Each structure stands twice: as C-alpha cells, then as structure tokens.
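Protein chains in written order, with the working numbering: chain G, 1 to 296; chain C, 1 to 690.
If you're looking for bench data, these hints aren't it; they were derived computationally from the structure.
All the given hints hold, so there is nothing to weed out.
Now the stretches of chain G that chain C is said to cover, found in silico as 3 or more residues with beta-carbon under 8 Å:
hint : segment
1    : 80-92
2    : 102-116
3    : 128-134
All values reported here derive from a predicted model rather than from experimental measurement.
Even for Gly, the Cβ is constructed at its ideal location relative to N, Cα and C.
For reference, the chains in residue letters:
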Amino acid sequence: MNIQNMILTLQKHWSDQGCILMQAYDVEKGAGTMSPYTFLRAIGPEPWNVAYVEPSRRPADGRYGENPNRLYQHHQFQVIMKPSPDNIQEIYLDSLKALGINPLDHDIRFVEDNWENPSLGCAGLGWEVWLDGMEITQFTYFQQVGGLECKPVSVEITYGIERLASYIQEKENVFDLEWTEGFTVRDIFMQPEYEHSKYTFETSDADMLFQLFTMYEKEAQRQMEEGLVHPAYDYVLKCSHVFNLLDARGAISVTERTGYIARCRNMARKIARTFYEEREKLGFPILKQKGEFINE
Amino acid sequence: MSKRDLLLEIGLEELPARFVTSSMEQLTDRIQKWLQEKAIEFGDVSAFSSPRRLAVLIKDVAESQRDINEEAKGPAKKIALDAQGNWSKAAIGFTRGQGVTVDDIFFKEIAGVEYVHVKKFIKGQPTFNLLNELNQIISSMTFPKNMRWANQELRFARPIKWIAALFGEEVIPFSLADVETGRITKGHRFLGEEISLSNALSYEEELKKQFVIVNPSERKALILEQLKQLEQENGWEIPVDGELLEEVTNLVEFPTALSGTFEEEFLELPEKVLITSMKEHQRYFPVKNASGELLPYFVTVRNGDDRNLKIVSKGNEKVLRARLSDASFFYKEDQKVEIETSLKKLESIVYHEELGTLAEKVSRVKQFTLDLSEALGMTSEEKEHAKRAAEISKFDLVTNMVYEFPELQGYMGERYARIKGEDEAVAAAVNEHYMPRHADDEVPPSIIGAVLSVAEKMDTISAFFSIGIIPSGSQDPYALRRQASGVVNILTAKKWRISVEELVEMAVSSLQKASIGSRDAEEVRNDILQFLKARVKHLLAEEGIRYDIADALLENQLGTLSSLVERAQVLESRKQDPDFKGNLEALSRVINLASKAEDTYQINEAKFENDFERALYNKFQSVSEIYGTLSTEAEKFNSLVSLKSEIEDFFEHTMVMSEDPGLRKNRLALLKAISGYIRQFAEMNKIIVS
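Work out the full structure, taking the sequences as your base and the hints as a guide.
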C-alpha cells in the first residue's frame with residue numbers, strides 16, 4: 001500500500017468514527033500536537049474529534065537526504081478524540097487491519113511511554129505501539145495541556161506515516177517509499193530535504209532568526225493582550241520553529257536554551273488559559289450544540 | 001460453616017510492565033487485610049497478573065463474618081451505682097455504647113475492685129453483603145503514576161475495562177468508573193475470546209484456553225524453557241538478565257520466544273553498545289557463544305503463538321538494523337572528534353544553574369585530584385595520570401553515543417580515550433571514576449580511578465551542600481547518598497591514611513576558591529561530616545556491627561575509615577569474651593572520671609601518694625611508649641586492656657576526688673591522659689555490657 005492510499009484509508013477509518021477530517025495547519029511546527037486543532041481544542045469541556053495529516057519539521061533531524069531513517073520533515077497522521085472513547089484501543093487496532101496489518105500475523109504490543117512536552121506545558125500517559133518491535137504509533141491520554149488539567153481527557157493517536165510505510169512497503173530507505181503510483185518520497189522530498197538541511201546547518205542567518213524570535217514573541221504577547229488567541233498562538237508556533245532552527249544551528253548555548261524554552265512555555269500557558277476563558281465567554285458552544293453532559 | 005471461593009479480576013488497558021507485579025501484590029494484600037479486619041475466614045490465596053489484568057482468587061471464604069462473643073469491662077461498681085443504688089449516667093452510657101442495656105450488667109472483681117461487665121454478642125454479617133466494599137479496595141489502590149480517562153474522576157494506572165467479581169458462582173454487584181461487575185473476562189487480545197465464568201475456581205483454566213497464562217511465574221518459567229530450547233537448538237548461550245525477564249514476562253499474556261539475526265559487521269561495536277541497543281530499547285535477549293562472545297543473533301518474546309514467526313522476526317531485524325546502523329554511525333563520527341574539542345564543548349554545558357558549567361566542575365575536580373594524590377603520597381607518574389584522567393573525565397558526555405545511551409557514560413569514555421592514544425591507566429580511570437555505580441558495584445580497581453572517583457564525588461556532594469541541596473527523607477534527586485556511600489566504601493577498601501575530616505576540608509576549601517555556594521563554610525563542613533557519618537553508620541550496620549559499638553566509634557572524629565572499621569570489628573569480635581565486661585568497665589570508669597579533669601594541669605610524679613598511683617602511671621607509660629608502633633587495632637585494644645588490673649587497684653585504693661586540690665588535680669590528670677588513649681580507640685563508656 002502506498003502512502004497516499006494509507007492516508008486515504010486512515011482518513012476513511014477515522015471519518016467513520018465521527019472525526020472531522022481537517023487539513024494540515026499552515027504554520028511550521030515540530031509535531032501534530034502543536035497544531036491548534038490539538039493543542040487548543042484539547043482544552044476545556046467541549047467534545048472534539050478530528051483527524052489530519054501534519055507535516056512536521058524537525059530541523060535538527062535534517063540529514064541532507066543522506067540518512068535512510070531521518071528527515072527534516074516527516075508526516076504524522078494525527079487523531080484526537082475527546083472524551084476518549086471506551087473502545088479506543090479496538091478502534092485503533094481496526095485501523096491497522098484496514099491498513100492490511102493482521103494482528104495475528106504480527107506481534108503488536110502496547111509498551112508504556114509517557115509523553116511530556118515541557119515547552120507547551122503538556123503531559124500525558126500512554127504507550128508507544130510496537131509492530132514487530134517497531135514503534136509505529138504514539139498513543140496518549142492527555143492529562144495536562146498548557147498547564148491546565150484536562151477535563152474530559154482527550155486521547156491522541158499519532159501514526160508516524162513514513163515509519164509505518166517503510167514496514168508496510170518493506171523498504172529500508174525512507175526515500176524509496178512509494179507515495180503514489182509513479183512517485184516516490186525521493187521524487188517529491190529529496191530536493192527540499194537537501195536544501196532545508198543546508199539552510200538549517202549552513203546558510204541560515206542566526207542574527208535574523210534571533211531578531212525574529214523577539215519580534216514574534218512581542219507580537220504574540222500583544223495579540224494575547226487583545227484576547228486574540230489564534231493570531232497569538234500562530235506567533236508562538238513561529239517562535240518555536242525559529243528556536244528549533246537556532247538550536248539546530250548550534251547558536252543557542254545550553255544555558256540560553258532553558259531560557260528560550262521557558263519563554264515559549266509561558267506564552268503557551270497564557271494562551272491556553274485565555275483560550276479557555278474565551279470559550280467560556282461564548283458558553284462552550286460545541287458542548288451546547290452536542291448536548292453532551294460533562295462531569296464538572 | 002459453608003464456604004465459597006472469591007475471585008476479583010480487574011481488566012485494564014495495558015499496564016506498564018513495571019507496575020504489574022507490585023500492583024498484583026498490592027491488590028492481594030489489601031483484600032487479605034480487609035478479610036482479616038472483617039473477621040471473615042479464608043483459605044488459600046492466589047495472585048494473578050498480566051499486562052491486561054490484575055486478579056486475586058481466594059479459596060474457602062466463609063459465608064459470614066465470625067460472630068463476636070466477648071466481655072466488655074465498664075466503670076467501677078461505686079461509680080456505676082449512685083447512693084440510692086440506681087444506675088448512674090456512667091453505667092447507662094457504657095451499656096448504650098456497647099449496644100446492650102443495664103439489665104445485662106454483672107460485676108466482676110479485678111484486683112480487689114468490682115467493675116461493671118457486660119456480655120456482648122454480635123452476629124456476623126453474611127460475607128456476600130459486605131463484598132461490595134471491594135469497590136473501595138480497588139479505587140484506593142496506588143501506583144507510581146496515575147491517570148484519568150474520558151469523563152472519569154477516578155485515577156488509576158490505566159483505564160479499567162471490565163471487572164469480574166465472583167463469590168462462588170454469584171456475581172458481586174458494584175460499579176466503578178462506569179464499569180459494572182460481571183462474570184465476563186476477556187481472553188488474549190488477538191487469539192482469545194470473551195468468556196463467561198461459571199465460577200471463581202475455573203478462572204485460571206478458562207483463561208488458558210483463551211491464550212492467557214495468567215499466572216506470572218508460569219509465564220516466566222515458560223519463557224525460560226523456550227530460551228533453553230533455543231540455546232539447545234542453536235548451540236547458544238543466552239544470559240538471562242533477571243530484570244529483563246521480569247519486564248518481558250509482564251509485557252505478554254502468551255509468550256513465544258523467537259530469534260533474529262543482524263549483520264556480523266555490527267559486532268565491531270563495543271559490546272555494551274550492542275547489549276544496550278538490544279536490551280534497553282527493544283527488550284531483546286542478546287545471544288553469546290560458549291566462550292561468552294556476542295553472536296549476531298537476538299531473541300525476542302512475542303505476545304502470541306507461533307504462527308508466522310518469520311514475519312515477526314523479519315520486522316524485528318529491520319528495527320534492530322536501523323538502531324545498530326545509527327550506533328555504528330555515531331561510533332565512527334565520535335572517533336573523528338578530538339578529545340580537546342569535546343572538552344571545549346563542556347564550557348557551554350551548564351552542570352547546575354548555581355554551580356556553573358561542566359568545564360568548571362572538571363577544573364575543580366582536577367585540582368581536588370591533585371591535592372588528594374599529594375596527600376596520599378602517590379608517585380609522580382601516578383599523579384600525572386590522575387591529572388590527565390581528571391581533565392578528560394567528562395569528555396564523553398558530549399559524544400553522540402553517550403547522548404543516545406546515557407547509561408554508557410564512562411564506558412564510552414574509556415574506549416574513545418584508548419582509541420585516541422591516552423595512557424591505559426588514564427583511559428581506565430575515565431570509566432572507573434563513576435564506580436561504584438550502585439550499592440552492589442565494586443570500588444574502582446586502580447588507585448587513579450579511586451582518587452578521581454573520590455574527588456569527583458566529594459566535589460558533587462559539597463557543591464550541592466553549599467547551595468543548600470541536602471538530601472532529606474526520600475528526597476535525594478542528585479543521588480548524593482549513593483555518592484557518599486561510594487566515598488566511604490573507597491576510603492575503607494583502599495585503606496587510605498587520610499582522615500574524613502581532612503577530605504571534607506579539601507572539598508570545602510576547593511569550593512571556596514571557586515567562589516561557589518553562599519552558605520557559611522563552617523556549616524557546610526559540619527553538614528557534610530554528619531552526612532558522611534550517617535553513611536559510615538550504615539556501612540557498620542551492614543558489616544553486622546552492633547549499634548552501640550557503632551555509636552561508640554562515631555561519637556568522635558571519623559578519622560581514617562579503615563582504622564575505624566577495624567576497631568569496630570575488634571570490639572564486635574570481643575564482645576562475647578568472658579573478660580570483655582570487666583575490661584570495658586575499667587576503661588569506662590577512667591573515661592567517666594577523667595571528664596572532671598582540668599584542661600591544663602600536667603601530671604606531677606612527685607605528687608603521687610600511693611603505690612597504686614605509681615603502678616598505674618608506670619604501666620601507662622609503657623603502654624603509651626609502644627602504642628603508636630602497634631600495627632593492628634587488635635594489638636592496640638590488647639594494650640589498652642592490659643591496664644585493667646592497675647586501673648582496678650588504683651580505684652580501690654585511691655580517693656581520686658580528694659579534698660586536697662593538689663592531689664585531686666594530679667590524679668585526674670593521670671586519668672585524663674589514659675582516657676585520651678582509650679577514647680581515641682572508642683568511647684568505651686557508650687558500649688552496653690551486660
């Protein structure tokens with residue numbers, strides 16, 4: 001099964017479970033969790049079921065297209081269901097079957113893995129799902145997002161698309177994966193992988209990036225004061241990406257590093273609180289719409 | 001009385017492997033305690049667990065609580081009856097409290113006084129009616145980490161999926177986190193089916209039919225047997241790491257061991273890198289040949305049966321290949337970097353916010369190592385090696401391999417240092433300076449490793465103490481206790497002639513030179529000494545030294561640890577001797593009275609009045625002359641107790657606290673001089689003799 005069909009299959013599967021199919025969010029980010037469709041929507045009592053593919057940028061993992069397993073940008077298939085359904089593990093395992101993975105032929109295990117993203121004030125408990133020893137999915141029950149206790153709890157399921165594809169297509173090199181008939185990952189992503197790696201490690205302008213960080217941070221704070229959560233959050237995402245670029249470039253010392261992470265975290269926490277308050281002012285509209293009863 | 005079997009099974013989404021055994025024990029314990037509290041008799045208890053369930057089966061549980069038939073004692077008769085012979089408020093209150101009436105009162109005499117008594121009879125409740133309290137037993141369980149899920153308020157290790165609760169054939173009805181109890185349990189996630197249990201006793205067998213081996217020891221034994229079989233089929237040795245076996249046992253419900261292979265070229269990687277990649281990351285068992293060399297194979301335990309093992313094996317091989325490719329890439333890249341380049345990087349790594357960078361720590365440790373080498377009188381070649389080892393002790397922390405496998409710190413350092421042409425002694429010390437790594441680990445074999453290890457650990461302890469980070473209770477985030485124990489063990493094992501006090505002084509002044517810490521140096525010094533003393537006490541307890549003997553040794557300065565431990569052993573081994581009591585009493589008497597002496601008074605031989613004073617003085621003179629030349633603590637002890645008869649005669653015939661101040665001071669001065677020697681050995685008067 002090629003990647004395109006994998007994505008179509010997963011979309012169909014989760015759409016059938018009542019998930020809204022979203023498109024990737026258009027600001028650079030390191031993981032699907034950072035999309036506002038996850039980070040913001042996991043906050044508060046409103047139900048929320050979505051699935052989307054998220055291109056995720058990890059500048060430090062760029063390898064000029066030379067490493068068979070590491071990419072500057074990989075793809076995650078991200079699912080959020082709030083509140084977490086009782087049979088979520090079964091729904092997930094059914095998605096693997098839909099991808100042609102028969103559990104009886106394989107060794108599928110749920111191995112403890114607790115997830116924490118200090119720069120966003122997030123923490124969750126769950127597993128990494130192993131398919132014959134390979135981690136193919138992060139499975140997490142959010143306990144805290146942006147420093148706020150999650151009530152109800154969302155479950156987040158993140159498939160590493162290239163990982164899973166390399167297993168399904170039996171390829172040793174990520175660039176040999178078939179995206180769709182006639183097109184491999186190499187055809188589509190080799191050039192950007194090389195160029196972004198070169199940019200990240202060699203040609204980026206650190207001074208400009210430092211300036212951008214400060215400007216983005218200021219703008220995020222200014223918009224927050226206006227109560228404009230989404231524009232503010234976009235700028236936090238930009239800060240985070242710029243920080244990752246600087247970090248990969250080796251432009252940030254360990255001491256400074258903690259400081260930058262703390263700055264991102266403080267903004268994320270403030271935004272989380274503001275988002276909750278803004279939704280509350282609106283009377284948690286999705287909650288009303290769905291007429292769901294939520295324990296307080 | 002009739003009995004039934006009790007089964008409680010909590011079905012869960014996969015529990016973290018590290019919680020399984022302890023949670024099973026906890027559940028079993030709680031239920032047993034509850035039954036005992038409720039006076040419900042029961043028979044054999046079996047505990048079961050797997051990643052998806054915790055269960056307890058208790059046989060022959062009584063149908064009802066024991067009846068309670070007892071006498072209760074109330075107020076004295078004179079309080080229970082008023083002047084008119086009517087029951088007082090006290091008596092009425094007592095009977096009400098006991099659930100009886102005044103008509104039930106009778107009197108009974110205790111020690112000549114008559115007291116109100118009543119006979120109480122409480123009929124035991126049917127057990128079945130009480131069993132819904134299992135609900136609270138489950139919900140009050142604790143785990144290293146708890147979570148919430150969906151809309152539930154309950155915190156538990158993982159979401160609860162079902163609860164099977166049977167008393168004989170009957171379901172015990174209650175509900176927890178929206179899960180109703182029932183007789184349904186689930187088989188293996190993929191191989192098994194849901195089953196309805198007709199009774200509690202059939203639990204284990206029924207589950208086995210559904211591919212769940214719910215008895216963890218049986219699962220473990222099965223894995224061991226399968227490993228053995230693979231060994232025999234292939235002529236392998238599979239060393240079994242107990243922790244890994246335990247973890248794997250708790251990752252599967254139906255184990256099937258299978259093997260895979262990897263490219264032989266990866267065997268060029270250091271052994272620990274291979275083992276860590278397999279064990280820590282993949283939970284594989286590494287495979288060796290008969291002479292203990294790693295082979296390019298691994299064994300994994302699948303949660304399932306033996307169908308399509310080839311596919312499973314192939315998948316696992318792919319994962320390991322990717323990991324080992326990474327490791328061998330790191331190994332090659334790391335070797336391209338010069339040690340000095342890595343050391344430069346330490347300058348930008350913060351060791352701790354208030355304690356500066358790693359480079360600064362290394363520089364302090366280097367100076368400390370030099371001071372200590374000097375104090376120990378090491379050769380100039382040893383000193384050179386120690387200095388270099390200290391300089392490069394942390395360079396491997398910035399290598400790719402240690403970044404990827406932090407547990408290989410030191411181990412990689414030693415290998416890279418050797419590759420880079422460092423002296424063998426230096427390379428070895430880079431690894432040894434982390435020793436002892438845990439309570440059962442050995443101390444560094446080489447003197448250079450030992451000196452560096454002590455310097456590094458003392459620097460860590462005193463640096464944290466100087467900024468007020470001191471372990472208390474269970475709070476010891478930087479494992480300072482383990483480091484202190486390491487220092488104590490090295491000092492003892494190496495028999496260094498350096499006192500703990502000198503060592504602490506070195507550490508504190510090294511920090512002062514580096515302007516680290518804001519606390520008062522004297523306080524820091526005392527805190528560290530107390531901290532080390534506690535570790536020495538712990539060591540003595542482990543050596544089986546009686547606590548009062550340990551206390552007698554810890555009362556004063558710690559001094560040289562090997563000597564302290566030897567003195568403890570002498571006292572411990574002599575404590576059963578028939579003359580021990582007499583000897584100790586004589587020596588203690590000297591100590592006790594000597595405390596009355598004045599500080600400055602010198603012994604004046606001319607002032608001795610009787611022969612016993614002179615005899616004691618002369619004997620003491622001869623002891624003190626040779627005391628310093630004695631090589632063992634046992635000889636020193638013998639020479640001290642050789643004073644016994646002179647001491648006894650002295651006390652029998654001499655009035656120490658004479659009214660003549662001159663005589664008194666002179667006698668006390670003699671005792672004080674002797675006491676000084678005794679107390680140097682131990683505060684003998686603290687030792688309990690019976």
